[in-house]
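These protein sequence lines are chains G and W, in that order. Note that the first sequence ends on residue 551 in the working numbering; no numbers are left out. Note that the second sequence ends on residue 707 in the working numbering; no numbers are left out.
Source of the hints: derived by calculation from the structure; they are not laboratory data. Careful, some of the hints might be misleading.
Said to hold, decoys possible - The calculated label-pair distances, taken between Cβ atoms and stated as ranges, are: (1) 355/W - 459/G: 40 to 48 Å; (2) 367/G - 637/W: 32 to 40 Å; (3) 408/G - 355/W: 50 to 58 Å; (4) 501/G - 339/W: 29 to 37 Å; (5) 440/W - 373/G: 27 to 35 Å; (6) 571/W - 367/G: 38 to 46 Å; (7) 359/G - 515/W: 30 to 38 Å; (8) 511/G - 317/W: 35 to 43 Å; (9) 385/G - 342/W: 32 to 40 Å; (10) 373/G - 614/W: 48 to 56 Å.
Note that the structure is predicted; figures quoted are calculated from it, not measured. Quick reminder that beta carbons are idealized off the backbone N, C-alpha and C, glycines included.
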Amino acid sequence: MMALQWYQWMALAALGICLAALLAHFLRLLRLGKPVEYSRPAGSTGKAIRYAFTGAMSPARKESAFLHLPTYTAGLLYHMGTFLSFFLFFFIIAGSLPEGWLAKAIVAFLCISAFCGIAILFKRMIRKELRVLSNPDDFISNFLVTFFQFLSIAVLFLSTVQLSNRPIVQLFYYIIYTILMLYIPVGKLRHTVYFFAARYHLGFFYGWRGIWPPENLKN
Amino acid sequence: MGGLTEDKKKKGLEVFETEISSKLITHLNSCVHCGLCADSCIYYNIYKDARYVPAYKVDLVASIYRRYHTLTGKTIPWLTRARDIDDETIREMVDLMYGACTLCGRCSAHCSIGVDIAYLVQTGRTMLANMDYVPGTLQSTVDSAIRSGNNMSIPTAELVDTIKWLEEDLRMEVNDNKASIPMDEPGKSIMYTLNPREPKFFPLSISAMAKIFYAAGESWTLSSRMYDVTNYAYFSGNMEEARIIAQRMYDEVENLNAGRCVMAECGHGYRAFRWEAPNYLKKAFPFEVLTCGELIAEYIREGRIKVDPSKIKGRVTLHDPCNLVRTGGIIEEQRYILRHTVSDFVEMTPHGADNLCCGGGGGQLAMSEYNERRMKIAGMKAEQIKNTAADIVCTPCHNCVDQLIQTNAAYKLGVKIMTVAEIVAEALVIDPSIEKPGL
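Only chain W is shown next, with the shape it has when bound in the complex (with noise of 0.2 Å):
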């Protein structure tokens, strides 16, 4: 760390007057240090560490507001512990905004205030961002997606390549030379994106989608040029690379002339596009966000799509991603479609918008630099998943099933993790009958 320097300390400061809002100051305020977010923090409770409370986190960013915006931290700083920006607070605000905290926003659903702690932490690390302190490792996964349109910096032809191996296998699959995978089509109802880990890791998760879209015949393409589902920068705290990846996704709707944008199944990457881009942007998108959670479950609700529900061998249990339902309202969908498409569905306690976080949110998984903090919190989670005693943990985030497989090998839990599209390819039947007019 180190380095700070007066113009790095003006630019982190600049966040209290760029982004000033009746809501930023409203929660800078309104922290009473009563600590009862503690038990709502997975850091907290795995650590039992006092500067893991979220109070002290919020405390952290109110601090430097205190010191440079309020009459008291100007005049009698220790009165409020108003905190001067130098290289401890930085070093220390680095450790806690970005090695300890998911985002996962539990905290601030029960906050006793109703201090949005999350998004001060996330103020936070815009004000770490404006600094250059964003841990290398978070933001060479940035970098890529603004060099290469994706964060993984996978060549267009490597993509191309591998999209037309899976659109082999779909004509084998479904054994129909018509069925297909598009790509870069103008015109299509829906322009559907991708989770680089999918075509570099987990091609099958594509293949699932491609089959689902395939049964229902649905309208729809693939892009290119710009098909990361991801936004890195919306965990730097980097606004400007956020803005810049929002509006290439934007765009590449617009230049397709697509209705729908559909995310593959990324709960921060929809956060980012569904409820954070329209705001970065500054306009509301004419076109539709939604996730394919949510066309899948409409595709079952329609008719469109047949499931059985006895392909589905052993008791299925839900991993809620925090970004998704807690702060994405995505809560139900992904419930109906598992009641439709698997004969023993169990609950985690708690799950819905009250879930715990898996530990790799909020870029903890981009960041090596915290992989044994990260392992560590994952314990609760083993622990809930151990409790419903199911085969498979099925989750709606490439994100979390990365964090799930982990925990599942460190805590020998023995479990299989697969995405909700995973599971409904498997249940699918595929129907003749049903006319594909997408194809």
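Chain G extracted, bound-state conformation (with noise of 0.2 Å):
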């Protein structure tokens, strides 16, 4: 392993920031602890927690995914690309890249999952509900995430045709991964604690009451 340049010690430390600041935020929930309930359960939160996280989340149950498959489909589409983006993170700070039909697959991926993001954020700028319901961090949020799923293609491509040297992009990625990395914590993106406590939550609420998971119901 080569030695570590500036821009990559300045993006480990940024990483170092956000685990640690998201820890802190789930460490939090945790010492808030459990939902405390004294009335008497009507069924079981913990199928219920489970449904939550599967059969609730699917387009045959959710009507927020079933109206708009598209937009669920690109969410779907986008978030798994952001998931890859920062796996790969570890990889090219290693300078041990994919190569061939591999690297050309994660090319071709991030592709459509950067465009993903980007028709999810002409769509939050032209429909007027959205217009209405956003603030900047939305925008900036989804700015950095795509731009950083971009600039990750264009890592790994510049590298398929052996020019992965080429410093100027190099620096460019690991700038924007350590921007990244310092505002997850702080803006919406810190919905990557969030959103496990919101379906715990949900899931614990409904099962307590016996009406998660549905298959429960005769009807």
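Join the two chains, each given in its own frame, into one complex according to the hints.
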């Protein structure tokens, strides 16, 4: 492994800060404890929480998904692309980039996911109810994540044509990564942690009252 | 509006400290403003107003939290549009939290993230209640309950008189002089509650349950001291008043030494006492709390009452009260009853836990200032009813009954509105062979 450049150290430091901040959010939730319920339960919270993360998320059950299949699909691909880009970071910083068909497949997928991000951004700008709902954080978050995906594509693509050492692209990549990592805990991107907690609490609520999972019902 | 003082502001913000929990912090931080919840809201569907998107209502509450409790909100509020509590924010909150949400919870179930939107609107109402901004009409309903013991301020003598003549009617109807509507009798198996609308406007609904209790030979009693199933403080967001009302009901069940507290047909009343009250009072109840629908289904299952479906003429559809079904978990019982009691039962689309609110929930019926909005959003329910081609719309909730009666008139549906107990009482076959230990 090559010696790391200053901007790579900066990116790693930002990653550390991001993880520590997200951990702090998570620990705060843990410290506040599990929901306290005095009413008699009517169902299984365990089953309902599992359902909250599985069946309740599917387009077959969730109205926000089945009424908006293009947005739902774009959102899904965009999130997959985001996680793939984050995963790829470790290979990029280690200097062991995927090669051949794998590199091409990743580039192709990231292109699709980044365009999904742009489509979601445009939707936010075009639809009136989304404009009213949105704040600068919504646009910055989308921009940073989408831009980072494009830079991941650039780094990977340049490596496939043997131009991976283009320092300006690399520098840009690490700077955006650093900004993104520092931004995640303060903006809406912290739903990285809160999404899981929200599904847990919703599952707990519906499970305690015997509403989820719906398989319990005869109807 | 107006009149915001530093003291009021402080009281409003206290919610983020006194009610702090993992659940509250989670939901305040989770919304990503995707706006996909819009289609789950009856207000947005009718008005197409961006402010009625549930996420916008969530953001009103969350933006205040961000302003006072997050580093970003304190230092660069424009970034996340963190809002100060000021007169403009209060005006918008009152209009949206009270006037544009029935707390039906449909948006929560369908939120792409899993934000409990109705819970956050409820939190917003609690903030407003702490600051003394509950709409006067809703607050007067709560005041009546606190002052007189029931939300319609019915004097005890009037209730007792009504019950007496209903008892005489019951005796004539079942041709049995021993038939009774017991009042304040300790040691019975069941304490049955009433919605004050029943003695005031719909006494035949009390007769219906009395007849069912008679047919089942049930050991039951009413209370003249605390019978009001409703808890409008749950809607106003004043937790202290909600606690007082719940405590009174708890004390009366204990006082009468009843093993079961059976709630009259009232969605929010059931939710408030069955699910919320133990948390208000911070104790597990030693008695069972159930709806009369659950009890009637039990009677049918156990053969304690007999019904003849041919007595109910016409097609029957069912409206699911949100607080009973989506957030109360009573989904199957009313269907079980109707499948046994009527010969032509048809479901609305959607139904069950996915039902559409009638528009009268969340205290809307008590807030006359929002009447026009309430009747406009009822259009979605009217359309659903029309599509079933039903002759009778049945619902286990007196609040929904009121809204459906008005919807029936406003949208010229030409249907009959009944409660589940009324349908069962009409289909009831009085079997003299069944023992009546409760008499």
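Here is how each hint holds up against the structure:
Between residue 355/W and residue 459/G the beta carbons are some 30 Å apart, a value that contradicts the proposed interval 40 to 48 Å. Here the CB-CB span from residue 367/G to residue 637/W is close to 35 Å, well matched to the stated 32 to 40 Å. For the hinted restraint 50 to 58 Å between residue 408/G and residue 355/W, the CB-CB distance of approximately 42 Å leaves it violated. Against the hinted window of 29 to 37 Å, the Cβ-Cβ separation of residue 501/G and residue 339/W comes to about 33 Å, which satisfies the hint.
Between residue 440/W and residue 373/G the CB atoms are about 44 Å apart, so this pair departs from the stated range of 27 to 35 Å. Taking the beta carbon of each, residue 571/W and residue 367/G are about 39 Å apart, inside 38 to 46 Å as hinted. Restraint check, residue 359/G to residue 515/W: a C-beta distance of roughly 36 Å satisfies the suggested window 30 to 38 Å. Range check, residue 511/G to residue 317/W: Cβ separation about 36 Å, and the 35 to 43 Å hint holds.
Between residue 385/G and residue 342/W the CB atoms are about 34 Å apart, so this pair conforms to the stated range of 32 to 40 Å. Between residue 373/G and residue 614/W the beta carbons are some 33 Å apart, a value that contradicts the proposed interval 48 to 56 Å.
Checked against the numbered hints listed earlier, the structure breaks hints 1, 3, 5 and 10; every other hint is satisfied.
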